[in-house]
Each structure stands twice: as C-alpha cells, then as structure tokens.
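Chains as they are written, first to last, in our numbering: chain V, 1 to 458; chain Y, 459 to 720; chain B, 721 to 999.
Hints in this document: simulated from the structure, not taken from any laboratory. Idealized CB from N, CA, C, for every residue including glycine. Incorrect hints may have been included.
Said to hold, decoys possible - Looking from chain V toward chain B, a few residues come up when the C-beta cut is under 7 Å (computed):
id : residue
1  : G6
2  : V7
3  : M24
4  : V25
5  : R28
6  : F32
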Amino acid sequence: MTRLAGVGLFVVGGLVLFAAALFMVGDRRMAFARTFRVATQFSRVTGLQPGAVVRVSGARAGTIRRIDPPTDPAGRFRVELDITEELHPLVRTDSVASIEAEGLVGGSFLSIEIGGADAPIATSGTMLPSREPFEIADMLQQMGATIVKVNATVDVLTGQVQHALDSVVVTVDNANALITSVSDDATRIASAGARISTDLADLTADIRDGDGTVAKLLHDDTLYRRLAAAAEHGEAIAGDTRQIVGDTRQIVGDVRAAVERLRGTDGQVTGLIDELRQTVTQSRSAVSGFADNMDALKRNFLFRGFFNRRGYFDLDAVSPDDYRKGVLTGGGERPAVRIWLTADRLFAPAAEGAAGTPVLTDDGQARLDSAMTAFLDQLPGGVLVVEGYSRDGSRQSQFRTARGRAATVRDYLVDRFGLDAQRSGAMPLGATPVETPELASWSGEGIALAYFSDPARR
Amino acid sequence: MTAVDLGERQGGAAATAAADAVRFRHVSKRFGTQAVLRDVSFAIPAGRAFCLLGRSGTGKSVMLRHIAGLVRPDEGQVLVGGRDVGALSSRDLASVRTGIGFLFQNAALFDSMTVGENVAFPLRRHTRLTEAEIVARAHQRLAAVGLEHDYGKMPGQLSGGMRKRAGLARAMALEPALLLVDEPSAGLDPMTAVEIDDLLLERKRAGTTLVIVTHNIPGARRLADEIAVLHDGRILESGTAAALDASEHPLVRRFMRSVGGG
Amino acid sequence: MADRPMPELLPTPAAPVPPADRIGAGVLNTFALIGGLALWGGRALVEALRPPYDVDEIVRHLYDIGWRSTPLLATSGFAIGVVLSMHTRASLERFGAEAMIPAGLAVAVVRETGPLTAALLAAGRVGAGIGAELGAMRVTEQIDALEASAVDAFKYLAVTRIVACMIAMPILTTVMNVSAVIGGFVAEHAISGMSWDLYLERAFSLIGFSDLLPSTLKTIAFGFIIGVTGSYLGFAAQRGTEGVGQAATRSVVLASVLVIISNVVLVRLIFFFYPQGGA
Ligand SMILES: Nc1ncnc2c1ncn2[C@@H]1O[C@H](COP(=O)(O)OP(=O)(O)OP(=O)(O)O)[C@@H](O)[C@H]1O
Ligand SMILES: [Mg+2]
C-alpha cells in the first residue's frame, strides 16, 4: 500500500503542480478574466508582439491579440487588444495608447492612459487614439544637447559671477560692516555656480563611462517626460544665474553708489544701510531659487544611481504591494507623516452606482489646503503620496473607488500647489490602511496624505 | 532401443507423432562456429520419464530450451504435442508453454518477488483463481518441496539448494502436462535429492511427461523409462537403464557405472 | 547460462573483424544499434496500446522510476535554482535590471534547463537502473523463465518500464522546475529580501503557455528514449556479471546522448509550431 501511496502522491502531486503552473501562466495572461476588445493604430510597432502585455495606467490589464500590418505604405498597423473588465471604467474613448519598453531586457508593452472623466467609456471595438513610439536614439541626442547647453551656460555664468564678486570685494573694500554680509552671499553664489558645473561634469562623465546610469535611464518608461523637465530646469538655472549675475551687478552698483555717498556727504547713513539690506535680501532670494532649481534638476536627471543615497523610486512603477512593504521609506530613513481625511468630508456624495471620478466639495478643498500647510515648508524635497482607501463592495470596486479618490485628490493638489508630478503619487490601497489612522471617525473610506521627507535635507 | 530405431519410428504413422509429448526431428543447432546439436532425432511418448545424460557442455540445457521454444533449431523441427514450436505464432507458442513447466539449471527465480510470489506467479498469470486460493496453492507447492516456512523470503536469502527446490515448486505450480527439469538434485544432499525424486515420481504417476537432465545415475534409474546419452552433438545411445548397462559403447557404460553427483 | 537474446528482437552481434575494418564495422554497428533501438521502440509503442495492460507492473516501476527519483530531482533542481539565480544576478545587475532575475531564471528553467537536466539525471539514475536490472534478469535466465511461463517478457518487462518512464518524466520535470524556482527564490530572498508573492509574480511574468506546455510535454519523448535504451541494452546483455555492468553504463551513455540529440530536433519542432517561442 505504501508503494501505491507513493505513486499516487507522485502522479497526483505532479499533476497538481503542473496545473498550478498552467493556472499561474493563464492568470498572468488574463486567460480566465472577462475581457473586452478594443483596437488602436500605429505606424511603427517597435517590437510589439501578439501576446504582449497591455497596461492601463501601469496596471497589468490584458494582452495584445493580433497585429495586422497595413496594406499600403500610407496605412498603419492595426493592433487589437483584450482588456480585463476590471479596468473597463478607466478606459475612455480618449485614452491614449502608446508602446513602451519594459526595460532593457524586457519586451515592449502597450500602455493605455486613464481617459478623461467626461469622455464616454470605451466599448468593444472602440479605436483608441495613439501616440507614436519614439526612438531611444533621438532621446539620447536630445539629452546630450541639453547637457552641453546647460554646461556651457553654467561655465559662462560662473565666470561672470566670479567677476562680479571680485568687483564687489574690491569696490566695497572700505565699508567693512556692510560688506561682510554681502560678500558671504556672493561667495555662496559663486560656489553654487561651481557646484553646478562639477555636478554636470560628473553626470556627463558617468554617462560616457556607462556605469549603468544610461541603462537605468533607458529602463524608465517616462524618460521622455523627465528629459523635457530636465531641459526646463536647465533653462531655469541658466535664467536664475543670469538674474543673480544681474542682481550682483546691481548690488555692486548700489554699493559703489553708497560708498560714493558715504564718502561725499557723511550723512543719511541709516537710509543707506536699509537700502543695502534690501538689496542683499533680494539677492538671497535669488540664490535660494537657484538652489531649488538645481536641486530639482539633480533629482530629476539623476533619478537612478547618480545620487544613490537619496534613495531611488519611480512612483508610477511602485505597486501597492511594494508600497506597503515600504519601498519609499528607504529602510526607515525616510519615515512617512500621514494625515487622514475621510471621504464624506471631501467628496460630494456620488449618485448610487455611478461609476466615475469623485468630485471634491469646496469644503473638501479647504480641508486639503489646510492639511497641506503641515508639509508646505518642506515640500520641494520630499515625496507626497495620496493613499486612497475604500472598503465598500468587491476588491475590484474597492480598488476602483480607492484609485478614483487618490487620483482626484492628487490632481487637485498638483494643480493647487504646483507640486512636481514626479514627486507626488496616487496609491490605491483598498480596505487596509498602511498604519492605524489616528482619526476617531475613520471608517475605512477616505484618503491619507503621506509625506516622505527627504533624508538629504535633514 | 537405439538411435537407429528412433529414426525408423519417425517414419511411422502420424498418429504416433501426436501421441508423443516431445519429438525432435533432425534437429541441428550451432552457436557461431560451434555446432551444439547435430541432426538429433528422438521421441518421448506422453506420460513417460526421459532422462538426458551427458558431459558438461554437450548441449543438454540447450535441448530443453528447444522444447520450451526459447531457442529455435537451425535445421529440423521440435514438436511438442504434435506442434512445431519453432514455427508457431507467439500466441500459439504461449498456449503450448502454459502446458510446460521448466526448472532452469540455476532456478532463475524472479529476484524482485518473494519466493511465494514466484510460485504464485504462473497461477496469477494463467488461472482465474481468487487471491486466497492462489496463496493457498503456492503454500502447498512450497510445502511439497520442503519450503513451507520460506514463503515470504526473497530469493537472495535462500541457499542454492533451496532455490532449486523453489524453482521446482514454481515449475509445477500449474501442474503442467510436460515438465522440463534441468539437474533437479544438483547441490542437494542425498536425502533431499531422494525426496525430490519421489516428488517427480509422483508427478509421473499423475500422468506428467518428464524430461530430466541429470548427472545422478541412481535417481535416473529410479525415475526414467528411457535414458539417453548425449555426446558430441548427437544421442550416442538411448534405452532403458538395463539396455544402457549392457551397451557396447565404453563411454555409455562408464556413465552408467558412475555414481554421479548432479 | 543465459541464452542469446531472441533473434527477432535483436540484431545478431557482428562477427569479429580485422582491425583495419574496425571503423567501418563501428559505423555499421552504430547503424545496427540505432535500427534495433528504433524497432524496439516502435514495437513498444504498439504493444503499449494493446491489452492486457500490466497496470500493477507500471505502478511498481512508477514507484521506482518516479517517486524514488523525486528527492534527487528536487534537490538538484533547488541547487540549480540557487546557482542560476546567482548567475542571472551577476549579469543583470550590470544593466540595472535586477528586477528581471526571477523572470530570467524562470524562463531559462522552464524552457530548457529543467527538462534537459531532469532528463539527464533520469538517464543516469533510471537508465542505469533499467539496464542493470534487465541485464541481470537476462543473465540469470529470469527473462527466459518468464518466456517459458508463457509471459511476453518484452511486454511485461520492457513496455511497462518504458510507459512508466514516459509518465514519470514530465512529472519529474515539473518537480525539477518547481524546486528550481523555489531555489531561485531562496537565493533571491537572501540577497534582496524579495517576498514570495512578488517573486512568483515576476517569475511568471515572461512565461507563456508556449513555454510551459511543449517543453514539459517533450520530456515524454525523453522518458521514451530512456526507457527504450535501458530495456534494449538490458535485454541484449551478454552472459556474466560483466555484461550487466556494461548494460548499465551503456544505457546511461546512450540514453544521455540520445536525449541531447533528440532535444535539438524537439526544440526545432517546438519553434516550428510556436514561432514566437515566448509571448
Ligand atoms: N546462448 C548461447 N550462445 C552461445 N553458446 C551457447 C549458448 N547457449 C549454450 N551455448 C553453448 O552450447 C553448449 C551447450 O551448452 P549447455 O548449456 O546446453 O550445456 P549443458 O550440457 O547443459 O552443460 P552443463 O551440464 O554444464 O549444464 C556450450 O558449449 C555452450 O557454450
Ligand atoms: Mg546445463
């Protein structure tokens, strides 16, 4: 009998394992999920294959069923795809489809953005609008050009700052009391300029040596956006620097004039000092704007590997699971501060069964504004994640509601406070809070503002 | 009876052929360059005991294998119950074989089964008996060869002589009409050898045809209706023990006078 | 002593040849061997479908061939998983693609490493076992004894083992694959602390039905090869214990080589039917 038992265990166990593996594969391929079929068109399919994954706003949502090539050179490839019913409400007729790379070694996948709330929900057979894929080579070229441009500007401006500083030092030689303060600021300006050029030089060197930064850049699916932002920051820095130089020139001029007046008239010293103080304050604020921009550029540009100690994350790619496990806290280095807000205080009551995005009430907006004041002073450095919660209905509907809430609040905050889209995210967490809400009226319905401060700032 | 007589008898009526349990007709067999059997002819009537003597390596075992259809003759025919075993389809050969019991020279017990299962094996394959009946009968067969206590042992745990006896029990499990026995008393003490001979004698009385390869002359005298001496690929002489005792072949007489050990 | 194998089952051994002709004879012998194996296997397939089915015997061999090989395959699979994980880490780390380790490992294991290693290990353990066991039965006349008891020894001894091999092989491959994935997880968890759920999720991210099904089912062919080779050489064993040892070693060598060669053909065949090979 033991022999029979062994054989039974062997055969049945083997079959069960194999069936489990088949199920896993089928599940991943959404073979068992209810789906609806839509189509889209591209003139280039860059490695997209039937069977490839479809993601709706980053969530695995289905598979490519077939790709029909065009019949004439002017035509486009027709791509048909199945999307799970679970995410159906997010796919609208204006959802844009694009082809993205899963990373250096992974294949291509089709990404579908969440549609506008006003657009009708896509139905079976809808032809979704598409964005043509862009080539990495173009991107690299663009990036290279930006770096060169920023580098050149910074070099030029650094020279000017130095020059201006020299003249300040020379000119204000005699007015010791005032000059100490001014020269401190000026030194900071100069060293800031120097830092920019070394940072950028480091970065270019790293890219040239290929220590992985490039690969990591390529790995990211939103590289294009980042690059655009980087270029913008680069230009802003250049502008800031120009302004600082201008300001410094003006300071120098003012100081010169003051010194003249001190020499000439002997009177009205107090008024002059006030004037000088004001100038210095102006200059300070210019310098701090400059520093912020520099900071943003660094983060933006060097988001993976370059400033490792700041911790890497890409909010769009962080799954709720990873999030729960604390990828953002950087092993406790960056603890989160949470503010809990219940749904009934924030959103207008939705008509029963009405799918779609929740709407913030005026009162809700005011509550959010006041909640945000807690973070405002440290905002540029850290990361703000809006956690969405809902414990109503099936897991799918929990997910949907939670997602809608988080996204609505995040969009509002980005708008209202001009938050950096890269540094704020929406995280649907369903029914289970990450930590116990310190809110008496917490019903499991609502959102939490989680702020992860920047360890580099502390 | 002499070999010449046998040749004459072979030309006789077909009815005699059917009555013969085993008949060799001009059988020749060679292995590579070595001729083992050369034009051998003889017949064994049903119900008789036939003893085969001969020096080691003369082809006695090969002859038994021919009867069981394990070896096919190069020339001539081997008839068992009137059917040419060399020309039978595998199904017909199987039906002939169910009527044959074969004790191999080294017993050839199945290593993967217990002694009892070895004896039960033919019963399981060829009868519709219930499990209990099969076990009971296997026990009975083992008891007949003095192995009543060894049903559950593995063949590797038996002595050579015990293995031989277990092999005999297996060969007799189906109570075959034709029993081929290769050196039944080799490796046995004289007393056990006599007991085995008694067992075979009992079979013979029950009507079984016996073909016995042996070196045990006293045993052969007790059992055999006919004794044949194989030499150099041929049957040198055959006949009753008395006839062979009086043979003019010195070799045959020497054989008959030896006390024998196998 | 053992008789020559039944002439209709086996090619007659070649006569001694002068050394000058040895290469030619070697080639001829190889062809004779392949031909003999093919006939043997073909007959086995026909006989396997024809009643009576010796279910008890098949179960007995499944126990030996399948169940008792499981520990060997499971531990080897685990070790392979650990090692593969370390290797993929070493190469993927360079591209900053550590997240791909589970997927890369799973694809490598499921598509090729699992089936082939499982088959080679089975060729070693099972092939040798069958060759030796049947060789010993041949040499000690047990096969003759079976035939003499009106039992079709080919069917009773060879076919049951071949069928058991064919059943056991895909299961053993699954065991191997599963333990390799577990091994990979243990290694990965030790280094990066990745959770089991996430690991599993990533491991299956690149695997499709076309990876899992054909590569697992092709091992039925491997099982067939192992069973056929082992039983053929076992039946052909020459007299003496030396012959038994020889049957065992030759079974392992021949089965392994045939598995590797047939794998080339099978993989080509799979790519023919599933051109994407992945997706
Ligand atoms: N399968 C075989 N292949 C080659 N030669 C064989 C084979 N079987 C038997 N022989 C040869 O045939 C001859 C007769 O063998 P056999 O076993 O019949 O002898 P035997 O008369 O039974 O001897 P013993 O009394 O020692 O058992 C021997 O020389 C043996 O080498
Ligand atoms: Mg003999």
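How the hints compare with the structure:
{"no.": "1", "hint": "G6", "verdict": "holds (4 Å)"}
{"no.": "2", "hint": "V7", "verdict": "holds (5 Å)"}
{"no.": "3", "hint": "M24", "verdict": "holds (5 Å)"}
{"no.": "4", "hint": "V25", "verdict": "holds (6 Å)"}
{"no.": "5", "hint": "R28", "verdict": "holds (5 Å)"}
{"no.": "6", "hint": "F32", "verdict": "violated (13 Å)"}
In summary, the one numbered hint that this structure violates is 6.
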